[in-house]
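All chains, full assembly: derive it from the sequences and hints.
Line order of the protein sequences matches chains A and B.
Each residue of the first sequence is one higher than the last, beginning at 1 in this note's numbering.
Each residue of the second sequence is one higher than the last, beginning at 1 in this note's numbering.
Keep in mind the hints are simulated off the structure, nothing from the lab.
Just so you know, these numbers come straight off a predicted model, no measurement behind them.
Hints are supplied without guarantee of correctness; some may be wrong.
[Said to hold, decoys possible] 16 angstroms max Cα-Cα, derived EDC-like pairs, lysine to aspartate or glutamate:
hint : chain 1 : residue 1 : chain 2 : residue 2
1    : B       : 124       : A       : 431
2    : A       : 394       : B       : 130
3    : B       : 104       : B       : 143
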Amino acid sequence: MTTGNRRRNEERPTWIRRHLRWHRIRQPGTLSPDPWHFALFASGMDMAEPTVERRVSASRTALSAVSQRTKQRPITGPAPFIMLLAQSGKCQGFGDRVPKILRTNQNENESRRLSFRMGLAAVLLAAVFAWTANARQEPNEPQEKRNVVREFFEKNDIEYHGFYEARVGTRLLDDPHQSKDLSIGEARYQFDLFSARDWGDIKVKGDAYGDFVEEQAVFDLREANVFLRPTDSVDLKLGRQVLTWGTGDLIFINDVFPKDWVSFFIGRDTEYLKAPSDAVKVSWFSDAANLDVVYTPEFDSDRYITGDRLSYYNPILGRRAGEDDELMISRRREFFEEDETAIRLYRNVRSYELALYGYWGYWKSPAGFNETLTRATFPELYVYGASVRGTLGKGIANAEIGYYDSIDDRSGDDPLVNNSQMRYLVGYTQEIARDFTAGVQYYVEQMLDYDDYENSLFPGSPTQDEFRHVTTLRLTKLLMNQNLMLSLFTYYSPSDEDVYMRPMANYKASDQLMYEVGANVFFGDERHTFFNQFHDNTNVYAAVRYSF
Amino acid sequence: MFDKVILATMTVLLTLSLAGAGSARAAETPDVQTIVEKANFVAYYQGDDGRSTVRMVITNKQGQTRERLFNIVRKDVQDGGDQNYFVYFQRPADVRRMSYMVRKHVGGKDDDRWLYMPSLDLVKRIAAGDKRTSFVGSDFLYEDVSGRGLDEDIHELVETTDALYVVKNTPKKPETVEFSYYNVSIDRKNFVPMKMEFYDKTGALYRTIESKKVEEIQGFPTVTVSVVQDLKSGSKTEMTFSDVKYNIGVGDIFEERYLRRPPQEVTR
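Following this line, the structure appears as structure tokens:
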């Protein structure tokens, strides 16, 4: 429970408190998918004398890049808060499960040389992969290759697949808040074990990778679940699983399952945008409608931006912040107490897919602060929404709506917690030429109780708009017998006047070997807007993957 | 179930009687509409439903090969009319365990298509596309696999040999396709399309599809090896059908539930 909650509860009679507690247990969990909203949570937080801070930070910006690169952080913001932020230690942007080795205080040049060497190593590794894979891909050679590990698993009726991948990327801009130019550098092995038994399916999928940016070895268990079909009308999936529903294309309203925004922004495969949940999914099917219920006993947050690897705009500091100003987070890890429930009720009417959604849990990325401003929090959130998708003309149209009920700030006057929102989305996708598809979306996010928000702002704080408008355009072209895919996904916000572009080219040199290059480009007018706050993180990447 | 047995029996009888008629060589030549309808039925509508494991080997001009392996399950909504397809991919690795569902509509309405990507747990609706687009990167086109509407072409019987009817098909809307016409050679005995030859806008032959092997399965003449050649690019694709079964009693599996987790008749 957040401090804010506790405070409020203490003002209430005991029986109400008890009721609330009961209520919380019965209707747990809420979430919201916002990488986006990271900046929002702090937007009311610029405490004392913001104008002075601005001046200080502005004058620092004018200093030479060299001095900015040094590890002496500019001292801005009200001292106590900054001190706390500075002492926040290492928050883990990768969720709780990934072990993390604290970086030692290397001097910066060393660190840069190291990242260069690591990058070089990754490139060499990639070349080796490519070479070995090419060597294996003799023309007309039978596709079946002897694989001892696979043979072992197949003896036990287990399918074994996976891939090896090397991926490297670099920042294109000087980021004074990050010590490394390397934006991504990793050698990855993914295994995927699947076994269909008479009573159900078992699936285990995991990634082991060496991360040259974080300088650590990581194991990320992506799936470990059992699927059962106990009766004709019930499906069950238990364990760690990836979950998706809703109609948006890289815009999420009712899909309140965890996302990995770090992976998304640094150029990992799109697969990694979805972070796994440890949950139970129960589905009932009937002629009238189908119902999915997902229960997550322990809150699974997004893997959000903390500053550790990607810089962001920190309104408390009044500037962009990076690895030296990592967010300190107040986590929720009370099993069965800080839990989440998501439901979807859906059916098809002719070729139209209709769905209603509900979610009871927490904002998925930090959306509030505790009272002392020392830690970012995940306030309570309920979401109610609906969607429709179907054919319209030559293409597919979709519409989705969601009401984000920010339980901890229902009146909208708490500057420490996100206000409630309405979210609206319409989209349309059509093939406009052979193997060339275009998709457009229009998304609006409306802050509710806007007057209360404005009145509760600390003087001098940057003000968020009541309506945030975002358009997206996806262009996908397939060439060379569909072996080469060129794609461009662009977010453009006319209200924030900023842009996020994701160009990508993917070439399948053979059934096993894939090459990919791409970029994440952020730009805009103002330093604090949603996409442009990531401007300095603009990066390009290249990858080679060998699948088996 | 009983209906299905009757229908299957009738279909078998029909097939047998057709074969008999063919061997007798006495019957007068049916009109062209009857020929194309029967050929269309044999190619796409035999039985109430069916399943098969399909292996495609795509060989480019340089001799490099790519492979596609998938299971396909079909169920007719109406004989000669709407159909549902379910495709479950096994190879290559990057599409493994993806499932693809088509509700095919005849008579001008676009097909409904869905794709499920297990790594994202994402059910994606696919916009109806140009049907003259490559199917899974092979030399087969979407339309070769799902069938081209009979009413989209004008059919003429141009030749009758001892073994074959040769039907010339000219599109009613030539601007929507890349060919000017195509000839289909149809086996007189069982109405299996044995060869298709596509001619480009200059009148040159540029693409052929041949039935290399035809087997009788549960009484249904079934093409089990088919080869398409792109004479311009020098690329070819061989499609082999195995584990073909008809009238297996496919249930109502063309739903999101089964897209996310296909039933065993699809995965095995």
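Hint-by-hint comparison with the structure:
1. Annotation: proposed proximity of residue 124 of chain B to residue 431 of chain A holds, straight-line Cα distance about 14 angstroms (limit 16 angstroms).
2. Distance hint between residue 394 of chain A and residue 130 of chain B is fulfilled; the C-alpha atoms sit about 10 angstroms from each other, no more than 16 angstroms.
3. The straight-line distance between the Cα atoms of residue 104 of chain B and residue 143 of chain B is roughly 11 angstroms, inside the 16 angstroms bound, and the hint therefore holds.
Of the numbered hints given earlier, the model fails none.
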